[in-house]
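This is what each chain is made of:
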Amino acid sequence: MKAIDRSLDTLPKILIHNAAAIGARPAMRHKDLGIWQTWTWAQMLEEIRAFSVGLAELGLKRGDKFTIVGSNRPRLYWAMCAGQALGAVPVPVYADAVADEMAYVLAHAEVTVAVVEDQEQVDKIIAVSDRLPRLGKVIYDEPRGLKDYVQRRLNSFEDIQSIGRNKLASAPECLKQWEAGVAEGKGSDLSVILYTSGTTGRSKGVMLTYENTIISARNANAFDHLDENEEVIAYLPLAWVGDYVFSYVQAYVAGYCVNCPEAADTVVQDRREIGTTYAFAPPRVYENVLTLTTVRMADAGAIKRKVFDFFIGVAGRWGEKILDGEKVPLTARLLYAIGNLLVYGPLMNQFGLSRVRVAYTAGEAIGPEIFRFWRGVGLNLKQLYGQTEASVYITAQSDGEIHSDTVGKASTDVEIKISDAGEVLFRSPGVFAGYYKDPDKTAEVLTPDGWVHTGDAGFFDPKTNQLKIIDRAKDLGHLKDGTVFAPKYIENKLKFYPNIREAVAVGAGRDFVCAMINIDLTAVGSWAERNNVVYGSYQELAGNPLVYDMIARHIDEVNRSLAEEELMAGAQIRRFLILHKELDPDDGELTRTQKLRRGHIIDRYAPLVEAFYDGSTEAQIATEVTFEDGHKGVLAARVTIRDVKPYPVVRAARLERAA
Amino acid sequence: MRAPSSREAAVGEVLLAVEDVSLSFGGVRALSGVSFDIRKGEILAIIGPNGAGKTSMLNVVNGFYQPQSGRITFKGKVRNSMRPYAAAQGGIARTFQNLALFRGMTTLDNILAGRALKMHRGFFWQLIRFGPALREEVEHRHRVEEIIDFLEIAAIRKIPVGRLAYGLQKRVELGRALAMEPDLLLLDEPMAGMNLEEKEDMSRFIIDVNQQYGTTIALIEHDMGVVMDLSDRIVVLDYGRKIADAPPEEVKRDEKVIRAYLGEPQ
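Going down the list, the sequences are from chains A and B. Residue 244 in numbering that gives the first Met the number 0 sits at position 245 of the first sequence, and the numbers go up by one each step. Residue 1 in numbering that gives the first Met the number 0 sits at position 2 of the second sequence, and the numbers go up by one each step.
Treat the hints with care, as some may be off.
[What the hints assert, rightly or not] So the derived label-pair ranges between C-beta atoms look like this:
hint	chain 1	residue 1	chain 2	residue 2	range
1	B	Ile127	A	Arg332	49 to 57 Å
2	A	Arg151	B	Lys76	42 to 50 Å
3	B	Arg102	A	Thr639	27 to 35 Å
4	A	Asp99	B	Met227	24 to 32 Å
5	A	Leu520	B	Pro159	51 to 59 Å
6	A	Val533	B	Gly75	50 to 58 Å
7	B	Asp207	A	Asp226	43 to 51 Å
8	B	Ile127	A	Tyr534	53 to 61 Å
[Said to hold, decoys possible] Now the stretches of chain B that chain A is said to cover, found in silico as 3 or more residues with beta-carbon under 8 Å:
hint	region
9	144-155
10	205-211
[As the list claims (entries may be wrong)] Heads up, simulated DSSO-like pairs for lysine-lysine below, C-alpha to C-alpha not over 27 Å straight-line:
hint	chain 1	residue 1	chain 2	residue 2
11	A	Lys631	A	Lys436
12	A	Lys60	A	Lys436
13	A	Lys436	A	Lys326
14	B	Lys198	A	Lys580
15	A	Lys146	B	Lys198
16	A	Lys408	A	Lys594
17	A	Lys30	B	Lys157
18	B	Lys157	A	Lys303
19	A	Lys185	A	Lys175
20	A	Lys416	A	Lys479
21	B	Lys117	B	Lys39
22	A	Lys594	A	Lys631
23	B	Lys117	B	Lys76
24	A	Lys146	B	Lys39
25	B	Lys157	A	Lys631
26	A	Lys436	A	Lys473
27	A	Lys462	A	Lys320
28	B	Lys117	B	Lys157
What the hints contain is simulated information worked out from the structure, not anything from laboratory work. Just so it is clear, CB atoms sit at the ideal spot from N, CA and C, and this is done for glycine as well.
Please take these sequences and the hints and turn them into a complete structure.
Now the structure itself:
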């Protein structure tokens, strides 16, 4: 392990250092026109410097804010560092944000320059430009479709770079000036503002300093022994703290190579070609891949299916033990080796996971079955618990200490305590500098002595000494009779079924628990095909009685498993319905990181919730839907409600009789 | 590739003129005395009820059928008959109503096949794949990759087209036609059998091809919404005769057209 140079306290300084120390090593790749293009650290420095000087010529200066909008492309990452080199602060925005949402963030952050991917984003910004008086230049990466645009403020990325290159060539002192500007930066400077999608209300701008992210990144790299030999693929939203830290800060600090996929739908193939060694994904990705596998296997021939099922069984039984280095019988090892040859190896290869040393899941609880499946087939999948306000890391599981229902011990330099109300609090060098222009909200979350309220309810599991997160503190509720009701816990159990994409449990302050279900179009669609169920739309499929039967069976199984747990047994699902539309971030039902906004959903579907509790078997619902360009429409439907039988809860039943 | 210019300027001189063309199969008259022209840079739609002779018209234009009478002027050269091969060499590309792809070949290979006419090295050069032959292949592959990028089909580059959804196959077929870098692109029902989203995508691509590459497009399509939105001009055929030739707004109001589609008022 090389010694850490503490003077490297900003990302542009680290860039210059890397270009000198490991200049010939790959820093970034991007697949373009079918070929992987590589930039070494030295080349990347040149690209970033040219753009940076160009930005300075446009007037971007210390303290200014500029936005980055688009998918994971090298130039957008470069733009972040180029601005930071001048002391300006990047404000990345989710590329799929609707125009209105984008306008709010850009106006609030007072951005003066926008660096965007393509025509789509340019259109959005032009549409809201009258609300952004401070915004000057809009710089785009991909020129397609922009040829006929007559906008004086519009420039291509190359334009700005060539301004910078000309300046550097014509004025020799320019390079010195630029480097002096970089040297002026300090670790305590504001480095980025990340707007959290927030499960409630308007998004808040989390301010992170260089120290916050760089110390967190150093600790994380040391924890998992990451060095300049790692390969990662950048495919998660740029505006998300996870991508900012994994694909940018940690890469700079360790000197590893970040690979940008060709398109959003080629990630799996691209990952396979690169052979990434360090992977990060929200549970949804692992879930989707498993769903896809299950669906494809259901279509496979009988022999293949038998082989698959048998060896997945073997993996479930022995895989995790082998991965954790425990003692297992020789026959099990042998069987596992055959399974690896026939099933696990090809499966991992198919999804580009063969070379992965460390894979993380975070952001939401992962279904224990999904987690065990992946570990069983040999993926070193671990959990971590983090927040934007913490520069990601709060807890992480170390190798060999993995449990599906915990999130690990406190990360390096992090202190954790649990409040009397059961809320998790932490304190660390990664703690954010506050919400941008929002001292009240900051005070609500950040205590004067540096503790941050996470808003999550959790406890330290006495068996493992690891942190266990149950639910959002404010979501944790009780039924009318006082039974604990943890909606997310129930929803996660439901979501394990490939047919269920999303679930919303309701019941706080009510007599019993009900669930609204979103079916998974891939899984249920394939089932429909195999069973000759004809449907014309999502809505039609969702309302099909056979689909209801199938979901009812899943809920029955969930109830059975809930009945086995003392704490949760009283919160079994009594009634359910299948929603007529997919929950969507554009309608405010999910956050941009695909988390449920339960409160909003319950308000929006109030007639359905009422119908749950007044005994109706059908309910009428009309909801407004928002399209990506901002225009709205109304979707109306009649939704059927079904009853499900709960399993007897031994103790509760006895109490009832006594009463 | 032509330099892009605004639409008004681009739509101009006549690229292809059909004059008094008649075609019959035995006793069946498919086309009788049809005349119209296709101007450089425009999107022209040919519509009409079933059996009106739309596909026959396209087949005449690209030389697949030989009309019994009439003449066709393409790029200033008059002809009354031409082989499809010669038409392709002359810069006319087309897609088909019922897809004509090589199903066992990948998307990439299918589109590369569209470059066949532009390959200059002979069979043996290509066999050794060295020196000039290799350089040529690299150059063609580059063009094909640009088309793949343009049509956003990178994810299916290496997948045999037989395994693709219908909408995607249509897109691959368009890609192969584009690989010829045609002056005139004939599309036979490019949206047939597509869902709404696929239709929107395809419309977008057709407009982009027209604007970005300046390619002249003649298409047959049944979806009236698409035709009205997409085309600069519409030619309406009915029982092998031309009954209208005007911009979409006028065609919409044309009595003869309404009658052809809805029948005589009782």
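Status of each hint after checking the structure:
One distance hint, 49 to 57 Å for the beta-carbon pair Ile127 (chain B) and Arg332 (chain A), holds here, with the actual separation near 50 Å. The hint said 42 to 50 Å for the Cβ distance between Arg151 (chain A) and Lys76 (chain B), and at roughly 45 Å that hint holds. Between Arg102 (chain B) and Thr639 (chain A) the beta carbon distance is about 42 Å. The supplied range of 27 to 35 Å is therefore violated. Separation of Asp99 (chain A) from Met227 (chain B) is about 30 Å and conforms to the stated range, judged on CB atoms against 24 to 32 Å.
Separation of Leu520 (chain A) from Pro159 (chain B) is about 25 Å and departs from the stated range, judged on CB atoms against 51 to 59 Å. With their beta carbons about 54 Å apart, Val533 (chain A) and Gly75 (chain B) fall inside the hinted range of 50 to 58 Å. For Asp207 (chain B) and Asp226 (chain A), the hinted distance range of 43 to 51 Å is satisfied, since their beta carbons lie about 44 Å from each other. Remark: the range hint 53 to 61 Å for Ile127 (chain B) to Tyr534 (chain A) is upheld by a beta-carbon distance near 54 Å.
Counting residues of the region 144-155 of chain B whose beta-carbon sits less than 8 Å from any beta-carbon of chain A gives 8, enough to reach three: the coverage restraint holds. Requiring three or more residues with a Cβ within less than 8 Å of a Cβ of chain A, the coverage given for the region 205-211 of chain B holds, as 3 such residues are present. At most 27 Å may separate the alpha-carbon atoms for a hinted pair to count; Lys631 (chain A) and Lys436 (chain A) exceed this at roughly 31 Å. At most 27 Å may separate the alpha-carbon atoms for a hinted pair to count; Lys60 (chain A) and Lys436 (chain A) meet this at roughly 20 Å.
Between Lys436 (chain A) and Lys326 (chain A), the direct Cα distance comes to roughly 56 Å. Violation of the 27 Å bound is thereby established for this hinted pair. Among the hinted pairs, Lys198 (chain B) with Lys580 (chain A) is consistent with the structure: their alpha-carbon atoms are about 22 Å apart, no more than 27 Å. With a C-alpha separation of about 24 Å, the suggested pairing of Lys146 (chain A) with Lys198 (chain B) holds against the 27 Å cut-off. Taken as a hint, the Lys408 (chain A) and Lys594 (chain A) pair is honoured in the structure, with Cα atoms around 24 Å apart against an allowance of 27 Å.
A threshold of 27 Å between alpha carbons decides the hint, and for Lys30 (chain A) with Lys157 (chain B) the separation of about 15 Å falls inside it, so the pair holds. Taking the CA atoms of Lys157 (chain B) and Lys303 (chain A), the gap is about 24 Å. The hint holds against a cut of 27 Å. A threshold of 27 Å between alpha carbons decides the hint, and for Lys185 (chain A) with Lys175 (chain A) the separation of about 18 Å falls inside it, so the pair holds. Distance restraint check for Lys416 (chain A) and Lys479 (chain A): the Cα-Cα separation of roughly 30 Å exceeds the 27 Å cut-off, and the hinted pair is therefore not satisfied.
Taking the CA atoms of Lys117 (chain B) and Lys39 (chain B), the gap is about 22 Å. The hint holds against a cut of 27 Å. Of the supplied pair hints, the one linking Lys594 (chain A) and Lys631 (chain A) holds, its CA atoms being roughly 22 Å apart against a limit of 27 Å. Between Lys117 (chain B) and Lys76 (chain B), the direct Cα distance comes to roughly 22 Å. Compliance with the 27 Å bound is thereby established for this hinted pair. Only pairs whose Cα atoms come within 27 Å are accepted, and Lys146 (chain A) paired with Lys39 (chain B) is accepted, the gap being roughly 20 Å.
For the suggested pair Lys157 (chain B) and Lys631 (chain A), the alpha carbons sit about 39 Å apart, so the restraint of at most 27 Å is broken. Between Lys436 (chain A) and Lys473 (chain A) the CA atoms are separated by roughly 25 Å; this keeps the pair inside 27 Å, and the hint holds. As the CA atoms of Lys462 (chain A) and Lys320 (chain A) are separated by approximately 18 Å, the hinted pair is consistent with the 27 Å bound. Between Lys117 (chain B) and Lys157 (chain B) the CA atoms are separated by roughly 22 Å; this keeps the pair inside 27 Å, and the hint holds.
Of the numbered hints stated above, those contradicted by the structure are hints 3, 5, 11, 13, 20 and 25, listed in ascending order.
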